[in-house]
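Colleague: Chain by chain, the residues:
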Amino acid sequence: MAVFMRDQVVDLNQDLFKFVSFKCVNGLACGVILARCANLNQKVLDSLKNYMNKQQPELSAQYVYDDQNQVLSVILDNWKLSATHYTSLILKDFLQDHHFLEGPIVVASFPESGEPSSFNLSQLVGSVTHPKKDSKDIRIFTDQSTGEEIQSILVVDTDEVMREFVRLRLELQGYAVSEAKDGHEALEKYSLMNPDLIITELNLPILDGYQLMNQINKRDSKSGKVIVLTDKHLSSHMNRAFELGAADYITKPFSISELTWRIKKLNA
Amino acid sequence: MRIIEYYLQQDSWLNLLREFLLGYGYLAMFYVIAVTAIYFLIFGLSIRHTLPLKRGFQYNSIKKLSGSEHVPPVSLLVPAYNEELTIKENVRSLLALNYPEYEVIVINDGSKDDTFQVLVEEFQLKKISAIVSDAIKTSKVRGIYHNPEYPQLYFIDKENGGKADALNAGINLSHYPLISTIDADSLLEKDALTRIARVYMENPEDTVAVGGNVRIVNSCTVEDGIVKDVTFPKKLLPALQNVEYIKAFLGGRIGWSAVNGLIIVSGAFGVFQKEKVIAVGGYRGGYPGEDMNIVIKLHRYCLENEIPYRVAFCPDAVCWTQAPDTYRILSSQRKRWGRGNLKNMVEEGFSMVFRPRYKVFGMLTLPYNILFETLNPYFRISGMLAILGYWLLNMTEWKTLVVFGLVNFLSCFILSLGALYIEETAFSRYPKLSDLNKMLLYSFLMFIGYRQIGVLWRLMGHIDFFRNNNTWGTMVRTNFNK
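Line order of the protein sequences matches chains A and B. Start counting the first sequence at 1487; every next residue gets the next number (the working numbering). Start counting the second sequence at 85; every next residue gets the next number (the working numbering).
Source of the hints: derived by calculation from the structure; they are not laboratory data. Do not rely on the hints blindly, as some may be mistaken.
Stated by the list, open to error - Examples of chain A residues toward chain B, derived with CB under 7 Å:
no. : residue
1   : Gly1513
2   : Leu1575
3   : Lys1578
4   : Asn1689
5   : Asp1717
6   : His1719
Even glycine gets a Cβ: it sits at the ideal position worked out from N, Cα and C.
Using the sequences plus the hints, can you model the full thing?
Modeller: Laid out in structure tokens, this is it:
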């Protein structure tokens, strides 16, 4: 049952993604209002449409109701975030007057609220279907991926056991983890997969950890955070690593909870 | 009457010869008994120290030491002469050792092949003007190369002057108080330096030199400069050398280091206090055997100046080296060793031997080395002639000879087995049972031909020495990744 429900959300995400990205590709803004409503039918949607058009004559919008998730989506053509927010107030009035509103209303406008990526949209839908607080407020969606939420991690170490241990533990935390056994392989995998975070030993064959960081800095200054996880305890090594832009420095032996905590800190 | 006189005279000649041979026989008996006694003494010390050594490196957290700020920084000196095949891989593997602070100084000793170009291109080295001490005089240095991308790596390009000269040039550039010499054809295990540093740190003031254990890499699989799969050599000559090395290093050097009587720290891998090496004038150039020479000089310097000191051996720090696998190259190596050994004894040994001032080194190590190592070929050959004499003069019967031979063989074989026992209890680097069987087999085969031919090579080395033939001989390198 749970799996089935999830599939429904995925469908909703995908429909939304198609709409929004189509608009955005054409260089237009695209406002989105999602509201948790119960028992809407085509008749109600029609009356809603009339009501909205009366209030805002210039509005061009599509109204979709998803039965399974009980989510009403309103997609507004070329509507900036402020305008979308204003429209959502009108929408809320209507829904509350007719006692349809069951949960929160979330407002967003792409690309103002962030990249119209499928990740962002699934976050958007998630905030409606699984609200954190049980209220009927209007909330403005904030893009969490601009804080570069870490999802994919590349673990670089010569020690096979070490790599596997870190990979398994991080995968349990829900990260997508890949491995590399030396600096050269790490660089190849980096350009191939572009991971959000690299956890690297400094002492590596072919290219060492410093050179790896250097190369990554040269390629891409913005993305590619690096946490150094190493045997080297000297302050000179630590200094050099931070100078090359390491985000954090952890020495072995280490605790996996410390590592995950520090990864979470990078998200904040 | 004349005829009788003739026979009498003949008879007295024969009697004289008989008496001489008898005297020689007693001498030879004492010789054999003495050498066997020393062998067993040293071997007993080795066995006695195996367990403490084993406990020492089992309960030490090498992993933690390898990043700690408490281990001393080390300069690795890598002399390279015509090493274009292996140098790249070797330097790469040296740059990735598990050791907190060290530098790698490669010295190109005027190679005739592309060693220089290979290294400069691989690491994109640029010529720098470095401050170099002139503690030891060397051949002309053409340039010093460095790349800030690899801050640990320095490359000295100099004119040809031999291995000792290259090491001296490296000492002049080195920045750290400890130096380590590594052959360019050898592979250092990742934690070998840390393990040696552990031994050094037990007594940093007194420890002037620490030797590592040399093992034979032939037939092992090497990946990225790391020995992945340890296999007993498949070819005959490396296999024989393998058991020979195990016997010499584990059965011999552990014991010698226990009485502070080590005469050699192998050139393939050893760590020295730089200050002391400079104090004795650096490495002696112009002759092979510089690794033994430096240790003798360190003994002499410390004993003459009454400095408390220790020359230690660290059997768990492993350096893998390629053993010669053809007769020609092996014989040239052994002749070189014989020549170097004789030179060292003539130059240093004879003036120190049997002098109480030089303690264990003068009273045990040197007598052993001179009488039973250097002069060994002469005793062997004269012994052979004597046996021929005994047989011709009917002074012996074959039973005695066989018994004598068997006793001698068994005592030597027991020593070989003992060395294998140390290997298996403390290290067991060869996990396969078939490898153990092979080691037993080759320990036995060593006595059939190999030992005898070794004596011959040493004698030929001495002949080279007297004929003033002073070349390094041939050594052919092959790539590690076969």
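Colleague: Now, for every hint given, state plainly whether the structure supports it.
Modeller: Structure-based check of each hint:
Of the supplied interface hints, the one on Gly1513(A) is violated, with its beta-carbon coming no nearer than about 44 Å to a beta-carbon of chain B, more than 7 Å. For Leu1575(A), the suggested interface contact is broken, since its CB lies about 60 Å from the closest CB of chain B, more than 7 Å. Nearest Cβ of chain B to the Cβ of Lys1578(A): about 60 Å, over the 7 Å cut. The hint is violated. Interface restraint check for Asn1689(A): the shortest CB-CB distance to chain B comes to about 6 Å, inside 7 Å, so the restraint holds.
With a cut of 7 Å, the hint placing Asp1717(A) at the interface with chain B holds, because the nearest CB-to-CB distance is about 4 Å. Because the closest C-beta pair between His1719(A) and chain B is about 4 Å apart, less than 7 Å, the hint holds.
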